[in-house]
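2 protein chains.
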Amino acid sequence: MNQKKVAIIGSGVIGGGWLARFLLNGWDVNLHDPDPEAERKISEVLANARHALPMLYEMALPAEGKLTHCATLEKAVRGVAYIQESVPERLELKQEVFANIQAHCPAEAVLASSTSGFKPSELQQGSHRPEQIMVCHPFNPVYLLPLVELVPSKATQDAQIARAKDILTSVGFYPLHVQKEIDAHIADRLLEAVWREGLWLIKDGIANTEEIDNAIRYGFGLRWAQMGLFETYRIAGGEAGMAHFIAQFGPALKWPWTKLMDVPELTDDLVNTIADQSDTQSGALSIRALERLRDNNLVAMMRALKQQDSAAGQLINAHEKSMRQIAKPSQKMQTIQRNVPVDWTDYNGHMNESRYGQVFSDAADAVLTNLGMDEAYVAAGHSYFTVETNIKYLEETHASEDIMVDTELLLAEGKKLKLAHQMKRVSDGALLATCDQFLLHVSLETRSSCVPLSPVANAIRILAQ
Amino acid sequence: MNQKKVAIIGSGVIGGGWLARFLLNGWDVNLHDPDPEAERKISEVLANARHALPMLYEMALPAEGKLTHCATLEKAVRGVAYIQESVPERLELKQEVFANIQAHCPAEAVLASSTSGFKPSELQQGSHRPEQIMVCHPFNPVYLLPLVELVPSKATQDAQIARAKDILTSVGFYPLHVQKEIDAHIADRLLEAVWREGLWLIKDGIANTEEIDNAIRYGFGLRWAQMGLFETYRIAGGEAGMAHFIAQFGPALKWPWTKLMDVPELTDDLVNTIADQSDTQSGALSIRALERLRDNNLVAMMRALKQQDSAAGQLINAHEKSMRQIAKPSQKMQTIQRNVPVDWTDYNGHMNESRYGQVFSDAADAVLTNLGMDEAYVAAGHSYFTVETNIKYLEETHASEDIMVDTELLLAEGKKLKLAHQMKRVSDGALLATCDQFLLHVSLETRSSCVPLSPVANAIRILAQ
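Taken in sequence, the protein lines are chains A and B.
Under the working numbering, the first residue of the first sequence carries the number 1, and numbering increases by one thereafter.
Under the working numbering, the first residue of the second sequence carries the number 1, and numbering increases by one thereafter.
Same chains, same names: a pair is fine if it fits in one copy or spans any two.
In silico BS3-like links for lysine-lysine, alpha-carbon gap of 27 Å or less:
{"#": "1", "residue 1": "K392", "residue 2": "K424"}
{"#": "2", "residue 1": "K119", "residue 2": "K203"}
{"#": "3", "residue 1": "K75", "residue 2": "K4"}
{"#": "4", "residue 1": "K180", "residue 2": "K203"}
{"#": "5", "residue 1": "K416", "residue 2": "K332"}
Quick caveat, the hints were computed from the structure, so don't treat them as lab data.
So that you can see chain A by itself, here it is in the shape it has in the complex (with noise of 0.2 Å):
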């Protein structure tokens, strides 16, 4: 079994983003549909997972991985450690699909459905190995949202869920375990709650596509994107308490607020109205801009609450930390390789002088990790504060565009630290700035200048030699 190969089992939308998200975090992957559109689909998928997933590292990801048009379920499914099923949302196909993958692949390969209705315990219906077969249901665009609902029936084995677990990790999930099947798992049956008394709403004519959403984004969106709804209502509750708060709701889920008790009639009256205002809402831009305006919100929303280390931002912290090296500190050394995200541009479209400043102020972050200057020691009390800098600005930097940086310690004496950087641009090696950098060792207790402890000043003896 190869333990960094993959197969993607349908190439929609759901199937491209899985292949992407695997794919740009160095996997290898088989793709199997007999869909003549498959290959153009996928590298429309491929082209916004290419522009937007690197944006959310400080760092580069691994190199791509190799990608495999595969004509036979067969060949594909053969030799991986793991097995994405996304093929259309009907339990007699995906049955006969996971028959036939299971014919051919690995005992121990994870076997998955992207599933957002069926339980696993249905899929698993007439299969010879049930303990294999369990739904990973992902949230669109795949290869940027964290979400995975991770949902075994009874019968799936608990290592086959831990080694889920672990894969799904390495690539950034956040493999939600939940603990009792049920049909559409969680967040869509919150999803489908919603989008059922949207369409009272627009039935009823109190409200439009636009104006529910404006009613969503520019309110509860904003709460649900770092805290969800129990710790959101938490917090409305204050000192009193969550019990005390949630005995208030008693009466008011009684109230005649919503029509919920109905299912309101597709009628084609509704599907046009619905469909005519989400024109006038959006017509102006093609669905491939629409995309790209989400994407490009997500990366600087996800950045957002990555430099607050939370929410969705904790998990890609700790994605990264889990792919970084330390390297050995050297005279000369590469302390920046990553790509340009879509928030460092400014209005002359290229990125701002800012953002170059803050690329050399993580080389020297690299260099002082190099040198041993970690969380503990900055815990402790001790850390660099930069006194001077001056930057020179040659070429223009844009989005999406990789960018690297070779440092040169020109001076480690004492609590002096001499830095000259160089940024150039991957693609061609352009000598993109440059930056001659002063710090000094402090005390964060005082706040004042220093000489280094161990190991930074070991680490400082060692290079000097």
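Since the structure of chain A is provided, determine the placement of chain B on it from the hints.
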């Protein structure tokens, strides 16, 4: 009627949020609440708001208005332009408060209720000036989230609605005009649908509070914070179009996915289960700490959307633009006065060096704006690019401090521009950093340097004389 004076009736979390939003936008506020705890409660909300709201803007907000605690309702509402009622959610109480208000307030003042459930026509019952009354329903934290559901009844005057919209927009709200009144307006109907389904998931042991929150904030919560429901689904529908996508939903809506046909009974057992799960999830943090966490995340995400000029960020940019004044160019000028946001600090607990660079980059932009380089000038194909900066970091700067920059124009000759900036702390005038900056005027078409055109060339000529 005092054009920038508001009366806040009721000082809970919602009333306090209204108060803070108006006060920090330069309005004088009369507060009336007979609760002896009112002063303490308000001061807690104000402390949160003073920490968070100024961080949304790249400029200083107006000087804070004057807060007056009024012993009587009569004193609070006399002569004000806007009155916001946020008393407990009991219809008879609200009707009584409205009668008292209307006995003393100007007939042309906006008179709005924060009610989350009642319709304006219900609030208007028995009023002798029903045309003055409407619902303006905000979302917690009111000082940060832009959404206000503005719900008039048929009796509410158009002039009154227009006045309310103007005032709300001027303090950074997004008034969503709900065309038809309905119990619980729009957003709370969607929220209640999810809340009800969430209760079922807990009751049936499918997921606990933390798992449900994670299912939201790692997945669709991130989508909804920027696009909402329908635009997100428009993308999911792809090229086939929205009508095709919705029609597909027909059968799914009738699947036995959710228990929404029924209301779970809030037994003591269920209430305690939820409270216990919430304690396990978030009990390590006090409500104050959770509020700070929430607000810092909101600030960071809203600033990210602001940088993308999208969703809630677009609203903040528009609000900021409405407040900005362009100064006459001069040899020495104050170019920046602003607050340091939470997303500008690093592991040393102070403002990262790159953000000093950003402040100086913004200072240069202010000079260029004063010289006549506006959006039209850039759109027509010319701009200034920074060629070199030299920054000396003299003192540390921390989140939520107010800073300012004084800029001297050292040289403006042909295509060259040299600036010297001094960044100072507002509270004590301490010099925090200096920056020498060298810029060149460029053609955005050729990306090469060239002499500036009018009106920039003119402004430089006049300055030289």
